[in-house]
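Engineer: Take a look at the letters that make up each chain.
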Amino acid sequence: MSRDDYEVVIGLEVHAELSTKTKIFCSCPTKFGAKPNTQTCPICMAMPGTLPVLNEKVVEYAVKAGLATNCTISQDSKNDRKNYFYPDLPKAYQISQYDKPLCEHGYVEIETENGPKKIRILRIHIEEDAGKLNHDDFGGGSLVDLNRAGVPLIETVSEPDMRSTEEAEQYLRKLKSIFEYIEVSDCKMQEGSFRADVNVSVRKRGNSKLGTRTEMKNMNSFRSITRAIDYEVDRQIEVIENGGKVEQETLRWDDVSGKTFSMRDKEDAQDYRYFPEPDLVAIKLSDEYIENVKKSLPELPESRKARYLEEYKLSEKDANIITASKHLSDLFEEATRISGNSKAVNNWIISDISRILNEEEMEPSEIPFTAEELAKMVMLIDKGTISSSIGKKVLEELFENPKDPEEIIKEKGWIQISDEGAIKEIVLKVLEANPQSIADYKGGKDRALGFLVGQAMKETRGKANPQMLNKMFIEELKK
Amino acid sequence: MDITELTVHELMEKLHNKELTTTKITKAYVDRIKEKEPEVEAFVTSLTDEAQAKAEEIDKKIEAGEVVGELAGIPIGIKDNICTKGIKTTCSSRMLENFVSPYDATVTEKLNNENIISLGKLNMDEFAMGGSTETSYFKKTKNPWNLSKVPGGSSGGSAAAVAANMVPWALGSDTGGSIRQPASFCGVVGLKPTYGLVSRYGLVAFASSLDQIGPITKDVKDSAILLNIIAGHDEKDTTSVDMEKKDYVKALKNDVKGMKIAVPKEFFGEGINNEVKESLEKAIEKYKELGAEVEEISLDIAKYSLATYYIIACAEASSNLGRFDGIRYTYRTSEFKDLKEIYKKSRSEGFGAEVKRRIILGTYVLSSGYYDAYYKKAQQVRTLVTNEFNKAFEKYDVILTPTSPTTAFGIGEKSNNPLEMYLADICTVSVNIAGLPGISIPCGVDSNGMPIGMQLIGNKFCEETILNVAYTFEQATKFRENCKPEFKGGAK
Chain A
1 MSRDDYEVVI
11 GLEVHAELST
21 KTKIFCSCPT
31 KFGAKPNTQT
41 CPICMAMPGT
51 LPVLNEKVVE
61 YAVKAGLATN
71 CTISQDSKND
81 RKNYFYPDLP
91 KAYQISQYDK
101 PLCEHGYVEI
111 ETENGPKKIR
121 ILRIHIEEDA
131 GKLNHDDFGG
141 GSLVDLNRAG
151 VPLIETVSEP
161 DMRSTEEAEQ
171 YLRKLKSIFE
181 YIEVSDCKMQ
191 EGSFRADVNV
201 SVRKRGNSKL
211 GTRTEMKNMN
221 SFRSITRAID
231 YEVDRQIEVI
241 ENGGKVEQET
251 LRWDDVSGKT
261 FSMRDKEDAQ
271 DYRYFPEPDL
281 VAIKLSDEYI
291 ENVKKSLPEL
301 PESRKARYLE
311 EYKLSEKDAN
321 IITASKHLSD
331 LFEEATRISG
341 NSKAVNNWII
351 SDISRILNEE
361 EMEPSEIPFT
371 AEELAKMVML
381 IDKGTISSSI
391 GKKVLEELFE
401 NPKDPEEIIK
411 EKGWIQISDE
421 GAIKEIVLKV
431 LEANPQSIAD
441 YKGGKDRALG
451 FLVGQAMKET
461 RGKANPQMLN
471 KMFIEELKK
Chain B
1001 MDITELTVHE
1011 LMEKLHNKEL
1021 TTTKITKAYV
1031 DRIKEKEPEV
1041 EAFVTSLTDE
1051 AQAKAEEIDK
1061 KIEAGEVVGE
1071 LAGIPIGIKD
1081 NICTKGIKTT
1091 CSSRMLENFV
1101 SPYDATVTEK
1111 LNNENIISLG
1121 KLNMDEFAMG
1131 GSTETSYFKK
1141 TKNPWNLSKV
1151 PGGSSGGSAA
1161 AVAANMVPWA
1171 LGSDTGGSIR
1181 QPASFCGVVG
1191 LKPTYGLVSR
1201 YGLVAFASSL
1211 DQIGPITKDV
1221 KDSAILLNII
1231 AGHDEKDTTS
1241 VDMEKKDYVK
1251 ALKNDVKGMK
1261 IAVPKEFFGE
1271 GINNEVKESL
1281 EKAIEKYKEL
1291 GAEVEEISLD
1301 IAKYSLATYY
1311 IIACAEASSN
1321 LGRFDGIRYT
1331 YRTSEFKDLK
1341 EIYKKSRSEG
1351 FGAEVKRRII
1361 LGTYVLSSGY
1371 YDAYYKKAQQ
1381 VRTLVTNEFN
1391 KAFEKYDVIL
1401 TPTSPTTAFG
1411 IGEKSNNPLE
1421 MYLADICTVS
1431 VNIAGLPGIS
1441 IPCGVDSNGM
1451 PIGMQLIGNK
1461 FCEETILNVA
1471 YTFEQATKFR
1481 ENCKPEFKGG
1491 AK
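The listed protein sequences derive, respectively, from chains A and B.
Our numbering applies: residue 1 is where the first sequence begins, and numbers increase by one.
Our numbering applies: residue 1001 is where the second sequence begins, and numbers increase by one.
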């Protein structure tokens, strides 16, 4: 049997850190990267006698996430304790939600080869993040940093609806984009604010019973996730093909070796002893509350895409790329509004900006310049102040050292030569130096014109107005 | 005049008349502590030096005419599971032997705002688990009425210190009777407020859905005064109820005419000591004389309260005590080879037997496969108990029962028999299960001269009613004037 005889089944549990200013149960700030234990208080350090107070923003953000993913919002929800011992969990329980999550039974739609596909969402619940252990800095020991303890999370649990690595990646990208759009999470994967537990199983095609799954926890890059799924699928098929049985277990993905390793032995099978959190009252949401949150939702990617196709006549492919990221989409809309040139803005985003993001391995959210700066660059090209090849240089400069493009071109001396007298001077100089090209052109070789224009551009280090050069050469050659 | 014999309202009066100064009052208590503490052993941490310094400071302020509050300069004792910034809060456990809280509990803050002076932290059963204060890691507190007897528990240090006049009043906490039962054993007044009336912020949690902080005082009026200070909504405790502030002192009308008092027959049956029963029957006659209508009722479901209580309390405790893990502020074992051993050894060595017993019980009832049969069932019974009380309060103002089936028992008498110890809670736990207010006041002594307590239970947030009913009885019987602790078996 081959790999094609097997069907892959993937389910994902995504943890997204909410971008509330304060933690879920106390008023400590949630900023990333602060010195260890500087964003803590008796509550998030679990000092004896302290009590949690639920941050209302957390509920609001989770409801937003639920509504944006077509979930039913529970009007009668509660918090539960999940009990386990670990030094990064100072209370020895995590306040989470067990049997009454805030949001249930939603879906998101992804694009597949066979058209759109719904990936069902089982639930979205709120919970607190744990702290972090720093193992390396001090010989032998481990130190606990509780800055992250109590940072709010939403956990989005999908149904096992994905049938390939590509579908899993699509789903993750879609979810990330939605959370960015509704501004509930900054979804910075490298900072761990958007991470996934991946459940993978395989079964022979036609078999309706799910195979035994393995789980890989806390994956935080698309590359690791896709590689890990591919590896795990191959491994499970091999186990089955060799007559073995896949063990249900938690695995650790190792990026360096490109392999998964078993993490826990059976003896450690956890019983979390969930029970209702007695320190918090139930979460009751009125119809009116839910309706108000619904009204506050911004336009979602689906709807923006439809609008781009209609209003700006973007291609399906371009519209997909741009709307996949709220940052790109906002950049597109704002730069278009200012410059009035949607086509040019679209082209810059799809080609050069996307290329640089790829090369530099940057997230769209890390683009350093503003939509206004991009729009100004487009307008400078439209006005003929700079050529589009200078535009590329301006864009690179915007990534390096963002400021007003007009200032950039002034400083760098990149203003286009559009003065007729100056252009004529260059044209005559180039013609004098290239008698052969003149002969070629007159002999019917149109290509010679392009060569001459190129020479003139070289002479001016790209600053000459190419249309004017073209026109002037033709005029002179006709003489 | 023996200053330490006075109630707080008497002290207040003498302070205002300038008959006494804060310094004088505090000095009297410091001397009394020096005299009686070696016998009674009620304190885990005594703050006599700090208290005297604070008293001088307050006297200066009073002389300078600065506004310092009506209760400024009145001393108090605080149960050692209520957090006090900069001062050890041990819960009478080895686990927290060296724990100094970085913050004040809300009630501590309220006492500080009133310029009430802390004389120290009072002994208790370890993590408030027990009914005799014998499970304390540090010492065994003695009952001032008879030093061979327990003071009750878990707020045994608080009740004994008040009874022995080492503090004029004290704060305790009550999860299943931990204020009322020691108050009963020590012949003082103990009030457990309605769940949600007093903020739990800063009370080291035993069972979150049952715990309440409350006063232990010499008389009912003092309880009303202290409740006035500590009651009220707290943003830091979402289970505290946001409602209008009441003046509990104003509720003391010394009149029970037309009051409807229910006496549930189940609380007078098997297991209740005859002398206790007789004393309560006399109290009932007294109420009738005073014009109250007393009727016998049945609270059948209450018989399931004890089992329900031990399941819920232990379940919550098993989770609440998880944070004492040897990692941060707790006791840590000296030798370990890995993380698992830090946990196992620190917790094995840091917790006493009763605490471990309850953690194991609680872990068991929450574990998968047993949750439905125990924890979930207990929560269902809890609802039934609450409903039955609600039904009774449709018709009656107050429910009257004994506080404890017996008077104080001997030290060591029950400490090896946990089940028998648990049975001592039988009259008090249902009040916590239903979240109701309950007060224990002395109503007599047995043939050995040990005090007997009467419990008055009210409807939710009807502290005013039970305080008035208790006050009226107290005024009519003058227990304090007739009976005093004698420190039997002591040096004097």
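Don't read these hints as lab results, they were simulated from the structure.
Remember, it's a predicted structure, so these values are computed and weren't measured experimentally.
Ideal Cβ positions, reconstructed from N, Cα and C, are used throughout, including at glycine.
Treat each hint with caution, since some may be false.
[As the list claims (entries may be wrong)] Which bits of chain A does chain B cover? Going by a derived footprint, with three or more residues having C-beta under 8 angstroms, they are:
1) 38-47
2) 90-102
3) 279-285
4) 326-336
Engineer: Hint by hint, say whether it matches the structure.
Structural biologist: Hints and how they fare:
Beta-carbon proximity to chain B at under 8 angstroms applies to 4 residues in the stretch 38-47 of chain A; the threshold of 3 is reached and the given coverage holds. Check on the stretch 90-102 of chain A: 4 of its residues sit with their Cβ under 8 angstroms from a Cβ of chain B, so the three-residue criterion for coverage holds. Evaluation of the coverage hint for the stretch 279-285 of chain A: fulfilled, as 3 residues show C-beta separations to chain B shorter than 8 angstroms, against a requirement of three. With 0 residues having a beta carbon nearer than 8 angstroms to a beta carbon of chain B, the stretch 326-336 of chain A misses the requirement of three or more and the stated coverage is violated.
In this structure, only the earlier hint numbered 4 is contradicted, and the remaining ones agree with it.
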